[in-house]
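Using the hints provided, position chain G relative to the given structure of chain B.
2 protein chains.
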Amino acid sequence: MATDTFQYFSAAALRDFIENTFRAFDVPEADAAQAADILISSDLRGIDSHGVARLRKYVEMLEDGNINPRPHVRIVRERMSTATVDGDNGLGLVVGPKANQIAIEKAKKTGSGWVSVCNTNHFGIAGYYPLQALQHDIIGWAMTNTGKWMAPIFGVERMLGTNPIAIAFPGLEEPPVVIDFATSAVSFGKVQIKQREGKDLPDGWVLDDKGNPSNKAEDLISGGSLLPLGSSAESGGHKGYCMAAMVDILTAVLSGANWGPFAPPFASRVFIPEESVGKGIGHFFGAMAIDGFMDVDVFKTRIDEWVRRFRATKPAPGTQGVLIPGDPERIAEAERRESGIPIIAPVVDDLRWVAGKAGLNWIA
Amino acid sequence: MATDTFQYFSAAALRDFIENTFRAFDVPEADAAQAADILISSDLRGIDSHGVARLRKYVEMLEDGNINPRPHVRIVRERMSTATVDGDNGLGLVVGPKANQIAIEKAKKTGSGWVSVCNTNHFGIAGYYPLQALQHDIIGWAMTNTGKWMAPIFGVERMLGTNPIAIAFPGLEEPPVVIDFATSAVSFGKVQIKQREGKDLPDGWVLDDKGNPSNKAEDLISGGSLLPLGSSAESGGHKGYCMAAMVDILTAVLSGANWGPFAPPFASRVFIPEESVGKGIGHFFGAMAIDGFMDVDVFKTRIDEWVRRFRATKPAPGTQGVLIPGDPERIAEAERRESGIPIIAPVVDDLRWVAGKAGLNWIA
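Residue numbers (our numbering), protein chains in the order written: chain B, 1 to 364; chain G, 1 to 364.
Wrong hints could be hidden among the right ones.
[What the hints assert, rightly or not] Once the Cα atoms are required to be at most 16 angstroms apart in a straight line, the calculated EDC-like pairs of lysine to aspartate or glutamate come out as:
1) G/Lys199 with G/Asp219
2) B/Lys314 with G/Asp209
3) B/Lys190 with G/Asp295
4) G/Lys98 with G/Asp37
5) B/Lys216 with B/Asp203
6) G/Lys216 with G/Glu234
7) B/Lys109 with B/Glu234
8) G/Lys314 with B/Glu157
9) B/Lys199 with G/Glu274
10) G/Lys109 with G/Asp137
11) B/Lys314 with G/Asp208
12) B/Lys109 with G/Glu78
13) B/Lys57 with B/Asp350
14) G/Lys314 with B/Asp208
15) G/Lys108 with B/Glu78
16) G/Lys357 with G/Asp26
17) G/Lys108 with G/Asp219
18) B/Lys98 with B/Glu29
19) B/Lys57 with B/Asp349
20) B/Lys108 with G/Glu305
21) G/Lys190 with B/Glu234
22) G/Lys108 with G/Asp295
23) B/Lys357 with B/Asp37
24) B/Lys194 with G/Glu234
25) G/Lys210 with G/Glu157
26) G/Lys109 with G/Asp291
27) B/Lys194 with B/Glu218
28) G/Lys109 with B/Glu197
29) B/Lys98 with B/Asp37
30) G/Lys314 with B/Asp349
31) B/Lys108 with B/Asp137
32) B/Lys314 with G/Glu157
33) G/Lys357 with G/Asp37
34) G/Lys199 with B/Glu105
35) G/Lys194 with B/Glu234
Calculated directly from the structure, the hints in this document are not laboratory data.
With the rest of the complex left out, here is chain B:
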């Protein structure tokens, strides 16, 4: 992002701005605070694509009446360790935490809890949810489907979202292992960064609209598709397709949401699928109480040992060595709590626009 200019903002100031923005669009106080917590967590953890940079899109969807600011989130079916939740077309940033909490409560009672969610919208970074579960000594899982970008192996058509998976495990003295990744080879955000830098894309990221491999971001945008993790059939792309399919089925087929190519996009003013096969998009949350398997401190000590042994892996030439899942985000958070959150100029412009819509003063 060498060509971009940044401004730095404190997390606290941005968080207040986000919260006040949601309140201005009729989101209740507690829900607005929750939603702001997720977006700012993304910015703090260095996942710039999923934080305040998305506030304008949330606002547009609220303004257009495409998202319900005051949803009645309810369980529509349940057993002792499972539930299906209807998010009443609320913000995913509000529905997600409530559904995750239901999974956590079930795990406290029975050892585990599994919640599939329909009629919801984008829920921010998947990694936020297992971090909430960790506070209860629970291993948390989160998945969501998203609007279509990815072609299955041997297909040309966009059929699946980037469908992320997250899970986290707590250490005792070491920081937690936090896994959070999209099941496409790369996220759309990484393609955008290359485009802004004026660079070609590496092999294995995208196809053009004819299904040919391409190194041009423009080919993705003009009807092409993201490749699944593994990229080609020869190097395991069918596995990324399988994972994205698994997420699509657990989040959307199982909950009654729109699956695959029918998942509505995260935007008010682009292509909307011609047909609906359910309600909204879908999430899936899991919660497993560690004490359902092992003494909590024994498990955490074993995670510490795992982390230390993996950190000590013989490093590859020309690298800093092996990272533990969650390291990059933790390092980013330490830096950004100290130095503030860098926001690129186009996002600052969006936030000024948001301030105008919400009747707020922009921070700067």
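Chain G in isolation, oriented as in the chain B frame:
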């Protein structure tokens, strides 16, 4: 495998041979039948690397006293929807089904069941277990860790196994969606096939013992490592590493088994890790009753719709179009039930050796 010669055997004859072999090594009758069922299922489904081709290794481990033929498989800790199981160093082919059954029973009672297993051994194809769960209208998951082959991204050392993940979803009129894949870019078996064919390996499969990308199977065998799914850091290799790590933690850290580089290899007569951090290798089974989320027939109908829409994806040039996860194995099974199971000459030799050890007549 163009250079290999095959002999064809009926599944029934091979199955009997496997069962009688296990019985000859003091495995109780029901357990021997169960173990044979898993191995033959692998051969029928076209996964030649995990079926009867492995019988010699199982026999060697039984003969050397490295596997307990009569394990007392027991729950060492549980809550209503969770358990940890100690496999008493039994065959994974015996321990796995018992632990999977515990998960299924818990799902019947509470909606879901989650079982982490220590003190076990190789359990065959991961996909076998969710197919058992489907018979009860349950979505089943299976994972296992395995002996080390994979280097984490930015590492040179073998630290993780090929750690597979499987999950399956039933259709009503359509066949089930069956997902089963190793979290490495490719399995060791695919490297062996290229080696037998005298071909170079594609990019993105392996590193040599210095951590440099290699196209030689020999470089893998002489101290190199398999790359995780996604291959390089640029194309998402950290995601494959994350998935393999997730499997390692759920199967082995959480159960009390040996994790990461300490997982014992599937062989009696090769390198054994110098240190132990638990008991045996680990498995992890999940079971989710569909009726804990949605009416079973509604879900199955939605899966049918999903399958049909994905099959109708616009095909990529030069391909037969998009497959549904599980298609290749289902097609192989139909063919092999008709024409028999092809066994390559070196495996036939191994089976003759096994027959001698077990005091049995070989089929041919």
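These are the hints, each one checked on the structure:
1. G/Lys199 with G/Asp219: holds (13 angstroms)
2. B/Lys314 with G/Asp209: Given pair B/Lys314, G/Asp209 holds - Cα atoms ~11 angstroms apart, limit 16 angstroms.
3. B/Lys190 with G/Asp295: At roughly 40 angstroms apart (the allowed maximum being 16 angstroms), G/Asp295 and B/Lys190 break the hint.
4. G/Lys98 with G/Asp37: Status holds; Cα separation ~14 angstroms.
5. B/Lys216 with B/Asp203: Judged against 16 angstroms, a Cα distance of about 10 angstroms means the pair holds.
6. G/Lys216 with G/Glu234: violated (22 angstroms)
7. B/Lys109 with B/Glu234: violated (45 angstroms)
8. G/Lys314 with B/Glu157: Since the Cα atoms of G/Lys314 and B/Glu157 sit roughly 6 angstroms apart, the hinted pair holds (cutoff 16 angstroms).
9. B/Lys199 with G/Glu274: violated (48 angstroms)
10. G/Lys109 with G/Asp137: holds (13 angstroms)
11. B/Lys314 with G/Asp208: Holds, at roughly 13 angstroms.
12. B/Lys109 with G/Glu78: Since the Cα atoms of B/Lys109 and G/Glu78 sit roughly 13 angstroms apart, the hinted pair holds (cutoff 16 angstroms).
13. B/Lys57 with B/Asp350: holds (9 angstroms)
14. G/Lys314 with B/Asp208: holds (13 angstroms)
15. G/Lys108 with B/Glu78: holds (13 angstroms)
16. G/Lys357 with G/Asp26: Cα-Cα ~13 angstroms, so holds.
17. G/Lys108 with G/Asp219: The hint is violated at about 48 angstroms.
18. B/Lys98 with B/Glu29: The hint holds at about 15 angstroms.
19. B/Lys57 with B/Asp349: Status holds; Cα separation ~13 angstroms.
20. B/Lys108 with G/Glu305: violated (36 angstroms)
21. G/Lys190 with B/Glu234: holds (10 angstroms)
22. G/Lys108 with G/Asp295: holds (15 angstroms)
23. B/Lys357 with B/Asp37: violated (21 angstroms)
24. B/Lys194 with G/Glu234: Roughly 12 angstroms between the alpha carbons, so the hint for B/Lys194 and G/Glu234 holds.
25. G/Lys210 with G/Glu157: holds (9 angstroms)
26. G/Lys109 with G/Asp291: Given that 16 angstroms is the threshold and the Cα spacing comes to 11 angstroms, the pair holds.
27. B/Lys194 with B/Glu218: This hinted pair holds, its Cα atoms lying about 11 angstroms apart.
28. G/Lys109 with B/Glu197: violated (56 angstroms)
29. B/Lys98 with B/Asp37: holds (14 angstroms)
30. G/Lys314 with B/Asp349: Judged against 16 angstroms, a Cα distance of about 39 angstroms means the pair is violated.
31. B/Lys108 with B/Asp137: Satisfied, since the Cα-Cα distance of roughly 10 angstroms is no more than 16 angstroms.
32. B/Lys314 with G/Glu157: holds (6 angstroms)
33. G/Lys357 with G/Asp37: violated (21 angstroms)
34. G/Lys199 with B/Glu105: Violated, because 55 angstroms separates the two Cα atoms, which is more than 16 angstroms.
35. G/Lys194 with B/Glu234: holds (12 angstroms)
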